Amino acid sequence: MTIMTDPPKGAFRLSMLLNDTRYRSLTLQVIAAIVLALAIFYLANNVVSNLTRLGLNINFAFLGAPAGYDINQRLIEYTSQSTNLRAAFVGILNTLLVAFLACIMATIFGVLAGVLRLSNNWLVSKLMAFYVEIFRNIPVLIWILIIFGIMTVVLPGPRAFRGEDAEASMFLGISAFTNRGVYLPGPEFSRIFGETGILSAGIGWLVALAVLVGSFFGARTVNKRATRIQEATGVRPATMLTNLAIWFLPIIAFFIITGLSFEIPELKGFNFKGGIKVGAPLIAIWFALSIYTGAFIAENVRAGIQAVSKGQTEAAGALGIRPGRIMSLIVLPQAMRVIIPPLISQYLNITKNSSLAILVGYADVTATLGGITLNQTGRAIECIVLLMLFYLIISLSISAVVNVYNNTIKLKER
Amino acid sequence: MSDVSANAVGFVRTETVPQSAPPSNAAGPAKWVKDNLFAGVGNSILTILAFIAIYLILAKIMPWILNGVWDAPTLSACREVLDGATGGCFAVISERWNQLLFGFKYPSDLYWRPALAFAMLFLAAAPVLFFDLPRKLLVFTGLYPFIAFWLIWGGPVYYPIMALVGFVVAFKVFERLEKQNFALALGAGVLGAAIVWYLGTMIGPDDAARKAGSLFAAGLEPVPSRDLGGFMLNMMLGVTCVSLSLPLGIALALGRQSSMPFIKYICVIFIEFIRGVPLITLLFVASVMLSYFFPPGTGVDLFIRVVIMITLFSAAYIAEVIRGGLAALPKGQYEAADSLGLNYAQATRLIILPQALKISIPGIVNIAVGLFKDTTLVSVISMFDIVGMIRGPILASTDWNGVYWELFSFAAVLFFVVCYGISQYSQWLERRLATDHR
Amino acid sequence: MAEQAKMQVSDEVAISIQNMNKWYGTFHVLRDIDLTVQRGERIVICGPSGSGKSTLIRCINALEEHQKGSIEVDGTLLSSDLKNIDKIRSEVGMCFQHFNLFPHLSILENLTLAPIWVRKTPKKEAEELAMHYLEKVKIPDQANKYPGQLSGGQQQRVAIARSLCMQPRIMLFDEPTSALDPEMIKEVLDTMIELAEEGMTMLCDTHEMGFARQVANRVIFMDEGQIVEQNEPEEFFNNPQSPRTQLFLSQILGH
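Residue numbers (the numbering used here), protein chains in the order written: chain A, 1 to 414; chain B, 1 to 438; chain C, 1 to 255.
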């Protein structure tokens with residue numbers, strides 16, 4: 001709107017508050033602010049009078065009190081004597097754990113299904129379309145319950161594994177799929193880290209991770225050198241074997257030196273002991289979220305690849321580039337720009353949907369802080385506000401990442 | 001071309017070459033199978049794997065469906081009929097059909113009322129979904145909420161009529177004044193409706209009946225909203241919340257595009273807050289926290305509290321879709337409206353929104369499908385929608401304890417039919433809008 | 001030109017721009033613009049792209065704000081008062097390079113929209129008026145079609161008719177033919193010539209030098225946000241004074 005620095009002719013009139021572009025927007029905003037303030041005041045007033053009427057107050061002291069309930073699936077030390085705050089923290093870690101696992105698996109499902117849906121193979125592409133439509137159009141809640149049902153109703157109880165002619169047998173003799181969860185072999189380091197307990201095993205894994213990171217940088221150096229040679233001579237040296245060696249030899253050597261061995265779960269008494277136990281609720285929510293969100297990711301991947309216009313492929317082909325190179329040099333870099341932002345927003349959806357874990361008894365933050373703690377202490381407002389705050393922090397950090405990414409990949413245009 | 005001699009440069013074709021069939025190896029079903037299923041080794045392996053997968057799935061499911069028992073009073077009776085063979089006990093669906101659809105408390109002799117409301121929904125939605133239908137049908141769409149409310153909840157016909165009269169008065173006042181000043185017309189319309197509703201509640205159905213005839217007190221048997229349940233509850237939440245969130249979403253989208261920073265940031269904060277938290281936390285708010293925000297003593301129904309929270313939730317998502325539509329409009333449209341002397345309200349209502357909404361329809365439909373699926377979350381706060389019915393009263397009953405798959409498959413099929421139908425509509429519309437150059 | 005003599009130019013001032021300046025951020029797009037337009041004048045503004053001619057035209061209609069100096073249209077000062085802005089916009093018609101017709105409305109609705117909502121004309125009257133102007137631009141038979149179904153030339157003529165329906169006293173044209181295929185330019189120019197012959201005050205930013213020679217009574221050359229030269233068309237084309245004008249004319253007329 002027109003705003004001029006020339007002084008207005010004539011004195012200030014009240015009607016100018018609405019009719020003059022210099023004041024109009026300010027006037028409207030002040031009105032909006034007053035209305036908003038009144039609304040907030042009204043609501044706050046209601047809350048205060050309701051709370052006094054019920055003799056309640058807002059107080060976060062309950063967080064320091066003992067929680068008084070047990071949590072089965074936990075990543076850190078926790079007993080029923082621990083505080084509510086620690087219970088919430090156990091829940092937060094569980095939320096992050098299942099969200100992380102589901103993001104990885106959903107990406108694998110989604111990319112596979114999305115790429116296969118574009119396959120020339122009629123049957124495979126129709127099968128993938130069927131997968132996408134079935135999973136997209138049925139509520140995730142029903143999927144969680146169905147997969148939880150498969151875990152608890154279909155799989156045998158630990159008892160079925162007992163005896164000479166047991167009804168069920170262990171998968172390959174090392175893992176047991178039971179209705180209480182899946183028991184997997186637990187890796188252990190028998191030498192060097194052997195006898196000193198869980199912490200040093202943790203250090204062992206950290207060292208293993210460091211070895212892998214080293215391999216990554218090694219492989220990168222090899223690739224950079226290959227590119228340099230290609231730029232200098234025009235011929236790219238074969239790097240595949242070297243890369244394989246760099247990735248696998250060091251880690252295998254590390255495992256042999258430290259004496260990696262696996263503890264096989266064994267049936268003792270009424271249940272399996274030893275190895276790693278992954279609880280049925282965790283598997284249900286993990287798998288359900290992955291396969292459900294995978295259907296959405298498949299659509300994003302397909303749209304991303306299709307968004308790269310056919311002209312790009314044709315232009316690259318006309319330059320004589322081979323199909324494999326067209327994919328990696330021309331199509332994928334452009335498709336990734338389209339795929340990654342919705343992919344990240346699907347990750348956000350997974351994190352938010354993991355709150356449905358409460359249905360199958362997985363102790364995520366919604367189940368601990370927003371469920372049992374809320375019900376036992378009756379601190380509804382406090383618990384819900386903290387719960388929302390946690391999810392908000394996660395969401396806002398992920399949006400920040402998306403924004404940074406969008407800014408870095410923005411096509412340079414005039 | 002044979003008649004063109006090698007040394008002749010000039011050439012004029014005198015006869016058209018007739019169209020002929022392609023060589024046999026370039027068409028036909030054999031060619032199709034080769035191209036689409038067995039083109040190359042990798043492709044053939046994929047095809048075989050796909051066949052194996054399909055066989056495994058069908059081998060598990062088909063006997064279960066084909067051998068299913070549709071008529072038995074309890075699970076044990078059903079198991080007796082099956083006698084150890086594989087087969088689903090679909091009898092639970094026919095036996096608990098009404099509970100699955102209407103919940104376990106809705107009076108069974110009144111089932112025709114929600115069923116009628118459901119049938120009328122199609123008539124009401126048709127002119128909104130298909131632009132080619134006569135615009136006059138929109139009148140019924142406008143009446144539908146009041147009719148459906150009355151059919152489902154019952155009570156004296158007076159209340160829906162007064163509500164309708166309020167809206168009609170508001171609309172008439174608005175229409176009369178809108179050419180003078182949009183804000184004035186809106187304010188006067190709201191005021192008019194408020195006066196009508198205030199008078200309406202002052203008079204009440206009994207007084208009205210005494211003065212203006214017994215018609216007003218006449219009504220259907222009232223049903224409290226805690227008695228609603230089953231798939232009906234999902235449908236009601238879905239339809240109500242989507243319709244209510246549309247105007248709110250439009251307002252939020254316009255606010256977010258506003259040049260006034262205060263209004264813009266209020267809208268941004270609201271939208272980002274709602275989109276940042278899971279729906280389930282908002283439902284917790286509805287069930288345990290929202291009552292604190294109402295004046296002391298007003299016991300607002302759980303159904304209404306849930307509707308409020310889900311509406312706010314979907315409004316934030318719809319606002320983002322509409323914002324995309326607004327951003328997609330060329331700047332020239334705003335400039336042309338300005339240069340003709342239209343003010344903000346006129347330009348927005350006559351030029352900008354009709355176009356932006358049209359672009360946004362597929363996105364809005366996707367949000368609606370997602371929201372409809374999310375209505376199952378109310379089972380977490382112990383409302384008995386279809387999932388709540390299955391997990392609660394039906395699976396817990398001694399007759400049907402353990403009929404897991406049949407019930408969840410039924411719910412899944414219901415949702416699939418509705419959601420797939422809507423998404424097919426959305427795709428049809430997208431194709432139509434793409435070719436529609438107007 | 002014999003025809004030009006018929007077109008009356010009165011002494012009444014239609015637009016008066018004094019010492020007007022405009023910046024985009026720190027970029028000085030319009031510098032010290034002084035321009036007085038008499039009622040009935042047909043002015044063609046030309047110049048290289050980025051010279052500010054389009055911005056100048058859009059400032060007159062308050063589509064762009066100016067930061068310094070004054071613009072007065074028909075005695076109304078363009079100030080921050082919304083009423084003045086509305087008054088000027090309802091008196092000044094504008095045609096855009098990309099027509100900017102409303103694609104969701106039929107041709108007739110495009111034409112009647114502003115009369116109904118801004119002038120508060122009854123619908124029936126507005127439709128009669130619209131048909132009158134559609135006949136004038138020679139496409140009355142397209143009234144019930146939608147903009148997307150018309151050719152570019154027809155769309156631009158509809159856009160002209162849409163502006164005329166507000167019965168403006170001044171018409172602004174912002175590169176009305178630049179987005180058109182060559183064979184459609186003539187039909188739009190013919191419409192504009194007809195308008196000029198009826199005595200409409202016109203300000204036109206265009207590259208059509210033939211149009212300038214035939215219709216304009218004054219040609220203005222702009223470069224780098226300034227008015228570099230203005231003269232009667234005969235004089236302007238045959239005897240340009242400034243070297244910048246000479247260069248520009250040699251570039252666009254040289255082939």
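It should be emphasised that the hints constitute simulated quantities derived from the structure, not laboratory data.
Fair warning: this is a prediction, and the values are worked out from it, not measured in the lab.
One or more hints might be untrue.
[Said to hold, decoys possible] Listed below are several chain B residues computed to face chain A (Cβ distance under 7 angstroms; list not exhaustive):
hint	residue
1	Ile48
2	Phe171
3	Gly276
4	Ile280
5	Phe284
6	Leu290
7	Pro296
8	Lys373
Note that beta-carbon positions come from the ideal geometry of N, C-alpha and C, so glycine has one too.
How the hints compare with the structure:
1. Ile48: violated, 10 angstroms
2. Phe171: Violated, because the Cβ-Cβ distance from B:Phe171 to chain A comes to roughly 23 angstroms (cut-off 7 angstroms).
3. Gly276: Hint holds; B:Gly276 Cβ to chain A Cβ min 4 angstroms, cut 7 angstroms.
4. Ile280: Since chain A brings a Cβ to about 5 angstroms from B:Ile280, closer than 7 angstroms, the hint holds.
5. Phe284: holds, 5 angstroms
6. Leu290: Violated, about 10 angstroms.
7. Pro296: holds, 5 angstroms
8. Lys373: Status holds, d = 4 angstroms.
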